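Visitor: Protein chains in written order, with our numbering: chain A, 296 to 1106; chain B, 296 to 1106.
Worth flagging that the hints you see were computed from the coordinates, not collected in a lab.
What you are looking at is a predicted structure, and each value in this text was computed from that prediction instead of being measured.
All C-beta atoms in this analysis are idealised placements derived from N, C-alpha and C, irrespective of residue type, glycine included.
Don't take each hint at face value.
[As the list claims (entries may be wrong)] Derived SDA-like pairs (lysine to any residue); straight-line CA-CA distance at most 20 Å:
| id | chain 1 | residue 1 | chain 2 | residue 2 |
| --- | --- | --- | --- | --- |
| 1 | B | K938 | A | R570 |
| 2 | B | K505 | A | L965 |
| 3 | B | K505 | A | D444 |
| 4 | B | K745 | A | L965 |
| 5 | B | K1102 | B | R1070 |
| 6 | B | K640 | A | Y502 |
| 7 | A | K581 | B | T812 |
| 8 | B | K707 | B | A939 |
| 9 | B | K581 | A | D940 |
| 10 | B | K581 | A | L965 |
| 11 | B | K806 | B | P783 |
| 12 | A | K970 | B | Q506 |
| 13 | A | K745 | B | H1019 |
| 14 | B | K505 | A | P639 |
| 15 | B | K823 | B | F757 |
| 16 | A | K938 | B | H872 |
| 17 | B | K1037 | B | D1054 |
| 18 | A | K640 | B | S438 |
| 19 | B | K571 | A | A941 |
| 20 | B | K806 | B | F757 |
| 21 | B | K581 | A | T682 |
| 22 | A | K571 | B | H872 |
| 23 | A | K822 | A | T812 |
| 24 | B | K490 | B | K505 |
| 25 | A | K571 | B | P783 |
| 26 | A | K938 | B | G1051 |
| 27 | B | K724 | B | V817 |
| 28 | A | K938 | B | R1070 |
| 29 | A | K571 | B | K640 |
| 30 | A | K492 | B | S438 |
| 31 | A | K338 | A | H541 |
| 32 | A | K581 | B | K707 |
| 33 | A | K505 | B | R1053 |
| 34 | A | K823 | A | Q780 |
[Stated by the list, open to error] If the Cβ cut is set under 10 Å, some of the chain A residues that face chain B in the computed set are:
| id | residue |
| --- | --- |
| 35 | Y498 |
| 36 | V684 |
| 37 | G825 |
| 38 | T923 |
| 39 | T949 |
| 40 | D992 |
Number of protein chains: 2
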Amino acid sequence: MSRVPGALWRNLLAIQVYGANTGVGKTVASTLLAKHFAQRPEKWKVSYTKPVSTGPEDEEDERYLRRYASGVAVSTLFKYDEAVSPHLAAARSRRSIPSDDKVIQALYSHLQEDARLFSEQSSKRGGFTMVETAGGVLSPGPSGTPQADLYRPLRLPVLLVGDHRLGGISSTISAVESLLLRGYDIDAVVCFDDKGKYENFGYLGPYFEKQQIPAFRLPWIPDVEGRPIEEERAMMREYYDRSCTHSEVARTAEELLNRRDKRLDNLNSMAHRTRKTIWHPFTQHKSIKNDEEILVFDSAYGDYFQAKHTSKSSTSKDTNEPVLHPAFDGSASWWTQGLGHGNPKLSLAAAYAAGRYGHVMFAGATHDPALTLAESLIEGVQNPRLTKVFYSDNGSTAVEVGIKMALRAACKRYGWDGSTEEIGVIGLKGSYHGDTIGAMDASEPCVYNKKVDWYRGRGYWFDFPSVKMREGKWIVEAPAGMEEQFGPAKQFGDLNEIFDFDVRGSSQQYKNYIRETLDRLVKTEGKKFGALMMEPLILGAGGMLFVDPLFQRTLVEIVRSYTFSPATPTSTPADPHSWTGLPILFDEVFTGLYRLGRFTAASFLRTQPDISVNAKLLTGGLLPLSVTLASDSIFAAFLGDEKADALLHGHSYTAHPIGCHVANTSLTALERLSKGETWAQYRSSWVPASSAGGEVDSALRNQDERFGAWSMWTKSTVTRLSHHRRVDSVIALGSVLAVALKDEEGAGYTSNAAIGLRDALLNDIGEDGMSIHSRVLGNVLYLMASMTTEPVHLTAVEKALLEKLNKASVA
Amino acid sequence: MSRVPGALWRNLLAIQVYGANTGVGKTVASTLLAKHFAQRPEKWKVSYTKPVSTGPEDEEDERYLRRYASGVAVSTLFKYDEAVSPHLAAARSRRSIPSDDKVIQALYSHLQEDARLFSEQSSKRGGFTMVETAGGVLSPGPSGTPQADLYRPLRLPVLLVGDHRLGGISSTISAVESLLLRGYDIDAVVCFDDKGKYENFGYLGPYFEKQQIPAFRLPWIPDVEGRPIEEERAMMREYYDRSCTHSEVARTAEELLNRRDKRLDNLNSMAHRTRKTIWHPFTQHKSIKNDEEILVFDSAYGDYFQAKHTSKSSTSKDTNEPVLHPAFDGSASWWTQGLGHGNPKLSLAAAYAAGRYGHVMFAGATHDPALTLAESLIEGVQNPRLTKVFYSDNGSTAVEVGIKMALRAACKRYGWDGSTEEIGVIGLKGSYHGDTIGAMDASEPCVYNKKVDWYRGRGYWFDFPSVKMREGKWIVEAPAGMEEQFGPAKQFGDLNEIFDFDVRGSSQQYKNYIRETLDRLVKTEGKKFGALMMEPLILGAGGMLFVDPLFQRTLVEIVRSYTFSPATPTSTPADPHSWTGLPILFDEVFTGLYRLGRFTAASFLRTQPDISVNAKLLTGGLLPLSVTLASDSIFAAFLGDEKADALLHGHSYTAHPIGCHVANTSLTALERLSKGETWAQYRSSWVPASSAGGEVDSALRNQDERFGAWSMWTKSTVTRLSHHRRVDSVIALGSVLAVALKDEEGAGYTSNAAIGLRDALLNDIGEDGMSIHSRVLGNVLYLMASMTTEPVHLTAVEKALLEKLNKASVA
């Protein structure tokens, strides 16, 4: 997908003309409007562009415009002789087929040039330009991509020419729906007045009015069938002369102008109105000093937001500069994105489930999307313990469900009364599981919960050694003050060696530390615990902390064999999939579903939790949905004769069909990606060639293991970053890159070390017109790609990151 | 919308033939398939139905079928002479225009008759029937409703005939998208082989394959243009004879059969697979003894689920009985439904936002759907205190946000340290605010939280007098044992008198009770409170308890003037919109957004909370989204120099554009409904004529007040129910009806009194083929309509309810 600004200018009204079908009069409508604008008293500059034209030269739309709308600057960007669909014409032309990116960039440059030219010629209201498509809205472009998908990055406002013929009501509404589901704004529908024959407009006008899409009836085209050429031309000239000032043409033009003005006004007022009305998440509003600090998103596509230039980001206030610019979505929209913004497959999946079900009540009921998703997840996690799926709405609620499950199972087995005894969880320092009180209580006291009045940390959180690359070397390092327990930093040849448990063996130091700590807590202090709860591998909100997988693995092993209730010593169960010690809960809300390159992060640990939580990437980055997977032995703890024994949890939209169906569509796409060329290319720099292959290996417990540990970020950039004098260390895994900057005032969430870099990435727009939106966690700036992001985009981001790091360090 | 079973039989494969446009060969494709099935060795019975035909008799599709596919039973249900779109033909016919319901019922009856006939004729595999539509997928039916909407209740599997002509790629894909967004399954796309001219199939085949929609290339139709009639017919006969056994026709037929078989197999296995994999919300799984207890939903539309018959519900195992039946969604899908299932406007709105944005990160950013929704809500609540909107994902999370807001504001003003001091909330007994721990802690101990190990009730919950109709009279009654505090039951002339605070004046008894209780808690026991938290008017999960509005109003008044911290006496603030006493939090998750007939339930109390929470109906019943609205004085409590002073809460999908845009679409529709004829009709039986009017009344603080209190359920039925000997009392307000049954073993969540009635409603399918799905809360059976439900459907539900109540009472 291209990186290109949205096609919106202050001094140029650019409109894309789509047809409900071929032969509906797109060129006639374009000619009428071109002529109309050229004749308006404001003295508009007018141009017309046909990005792709097919058919013999003498039938070109370009020529037609020249003939009937003199004074209009006309251009065709790509021409093919044969009068067939562009994809066929391009293929049959024996010339090289232009890529979608080439077409889009050529069109954008052409429009930008118009904006510049019109600005020089400085007409009062600027210019008007039309971009006429070929055939219908989804007729394929040269590469075969349907036009409405091909041109989507520009998201030009649409003038749709409806179909006045028999059957045209249906094709016109369908065309509108296809455009809407790709996120286009339809500024006007026009339809030629067929003088009462089929009266399509009589139906379509009111129909679209209800949808707040303005529709106009254009004057009927003369019937020139069979007339001699000169007579035909005279008739058409007379038609255009007469009709270009027709009231409906004028109303159409006014509507296009009004909508453009409203769009600009809206974009200009949004930041201010937002500050007035919106209470932002995770935001200290006192620190937002002016409207420019609010990012205004017009839309998004692929890896990019289409963001309004702010006074900070805009290098120029020239009216011929584009109003929008593409900003790389470097937080993957808060860790959710999997398949890119504005993905038409996900839109269609959402629409289908909405159309088939809307939402249907799920208690005691079932529907296909929820059942299929549950079965796919159970199959995908490759964990024989996990057999049941509980649905909720987001990571935080799914974690609370998991905690309720684990605590009940533990209390029931050990005969504890949770309503009077304090039952805690065991976790890691720096963990974070969500913002609802129950999820908060499962983390140690930290900045997030410091001022939450009902927060009560319930549990114990272990220190742990962490993985990072520093000065080109992968190391495992103890936190400050814990060198005695964990030993000095260990160095590894490459990332994959850290996961090679066969070579690393077991760590007696880790075992001793964990056992001694548990003994102190349980035996000496008499504390009770109901779960071991961890984000496997990377603690996200805690600052992208990469935990030594051997430590997490060891912790699970020991907890599973440890006796937490003296009355009930832990022994090997009859059912090998029963939980022992404590239920193990993995919070894979952030780390799961390919974020780190694999279906589960648990597979990196070669460990199988009893409860597993997924959210964020579950719907490919479209809408909230979460699942808590559990084992039979957890499930059994809730079986009883009383209703009160059950898990009495359930949100109204539990297993909403839209979310489930989108998730099914997304998981299928992600699975395909995991076997595809692009990921193989990413893997190749990280993984020894022998193990980068994708062949199924029956010896592996989890098939994702065959890919090793790898990242979408290039090894060379990660290495360069790790050598930078401003950088303390770097981590990269899957689509995640995190750079910990040196901070003399100490690391942590309150550090400002990374703010300057973040602002530079956002506000210093490069020559390529791109900015990068990123988020920081204290001294850590992280970047996260979508799972579909292509190397060319990441390379540009890596280049910008290295540049800004150097620049910012000079300042 | 019609109440009709989904068109699925075991012995009849019914297919709807749609065309990508008019003139694409629907009838030729139908003829080919009809002939194919008739000639198959299994000796299929074959029929063909044209529900609506336009054009002169000798051009009828029916005749065409008779001519070329002898042995096929052909029928046309509605005929018009003029060869134009059915809506025009019907209008011009000067005959009465059949309603959508009439067309649907006629078609369903006809298909059911085919199923019966074919069963009698007992062919091996049963019958095959085609229902051929007119024109394109969205060509209007006789009433003007687009066909794909008109026929949607039957949700017949679709055979789409693609467009082989120039432009046909676009119109075919668009037609598919229009069908999918209405929830149709497209079992096959066929396209005539144009022998290399435009090669549409060459594109469409692989395109649809990626979408898992099978596509087939049918043999080209002979060019009979200009041939004499006899020659034409001979050519066509030869074509059909030759082509009906063509391999692609056979593959199409196999695909249709396979898909039908898979659909039936899936429906048959779903309950069992669900029991294996799904952990249901609020469900004691031990009590589910067999697969039949799981409701299997094929789909839903309007007010109805299309549910699979279970052995309990099915009166017959005959293969000619429909597999599905419409079940009235009597819990409004867990209180969420506003605009009916499968509403194409909401589907399209969801798709548009998905196409324009996907999800975009919201921290420090803004986008149009979120901003527009926030502004609409602020305007809609007509509460000058509420100025800020915080987004989250569901009622429970939004309540937690509200609690964090209120507690912080109170602790900050009163100098309390919430991390060491216990700060509670004040609420009502029987309240319920959600399933996450923080929301749970805000309710008194009850069955829902009894076995939640981390639950700690934090606060005090008042008794309250409640409203109900008993034996035809509206009364306000004290709970058992509280008669001394609240006085004897009071009787009212009608429901609206209960809300007439001008007449009722203030209640000294209420004031005394509240003040004395607060004095005991605060002054004597030294307890600290941070919020008054209530569901206004109706406590939903607590058992549909209708609180005396005067009591809630009095409680708010007293809390606002009460001194909760002796160090900071409460006085009248300079800003009249500042909170005093305690922040007042209204949980309108269930009661708000027209569920009770008004935009807010607060307007019934003529009280303005400082914090208000909405969810459920917010998206019209499509997907999860919630908001917490707050006042400036609450917002100000989070302003500070440290990030930790901010409200550090925010889910990844905060303000997801799909939810916000769907909510905007839904609120617009609901507002229109509130001013429309149907609601006026509902109101008329409840509200004195003088006050039922909808004129804006400048004297009213809240414009919804002009409609009084009213219900979609008829006053006469409510009255009859209240007289029933098995009924203790009834409440009705807005779309909610709740019937409290007498239970000798006591009321409450664990009562089984209502189970029998619920099961009778679900399993005893009436002569009209309808069942009713309802939920019970202990001894209370409630029914809830969508806000679009029409009187005819509610009348049928009321009738069934009265009948089953009588029957079940005999048993």
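Visitor: Within a Cα-Cα threshold of 20 Å, do K822/A and T812/A meet the stated pairing?
Guide: Holds. K822/A to T812/A sits at ~12 Å (cutoff 20 Å).
Visitor: Against the 20 Å threshold, does the CA-CA distance of K505/B and P639/A hold or violate the hint?
Guide: holds, 13 Å
Visitor: Does the alpha-carbon distance linking K571/A and P783/B stay inside the 20 Å limit?
Guide: violated, 49 Å
Visitor: Run the distance test for K806/B versus P783/B: straight-line Cα separation, threshold 20 Å.
Guide: holds, 16 Å
Visitor: Are the Cα atoms of K707/B and A939/B separated by 20 Å or less?
Guide: Distance ~14 Å between K707/B and A939/B Cα, so the pair holds.
Visitor: Are K338/A and H541/A close enough, with their CA atoms no more than 20 Å apart?
Guide: holds, 18 Å
Visitor: Mind checking the alpha carbons of K938/A and H872/B for me, to see if they're no more than 20 Å apart?
Guide: violated, 44 Å
Visitor: Between K505/B and D444/A, does the CA-CA distance stay at or below 20 Å?
Guide: holds, 16 Å
Visitor: Within 20 Å, alpha carbon to alpha carbon, are K745/B and L965/A?
Guide: This hinted pair is violated, its Cα atoms lying about 41 Å apart.
Visitor: Within a Cα-Cα threshold of 20 Å, do K1102/B and R1070/B meet the stated pairing?
Guide: holds, 19 Å
Visitor: V684/A was flagged as interface toward chain B. Is the shortest Cβ-Cβ separation under 10 Å?
Guide: holds, 6 Å
Visitor: Quick one, are K492/A and S438/B close enough, alpha carbons at most 20 Å?
Guide: Roughly 19 Å separates the two Cα atoms, so the pair holds.
Taken one by one, the earlier hints fail for this structure at numbers 4, 7, 10, 13, 16, 18, 24, 25, 29, 33, 34, 40, listed in ascending order.
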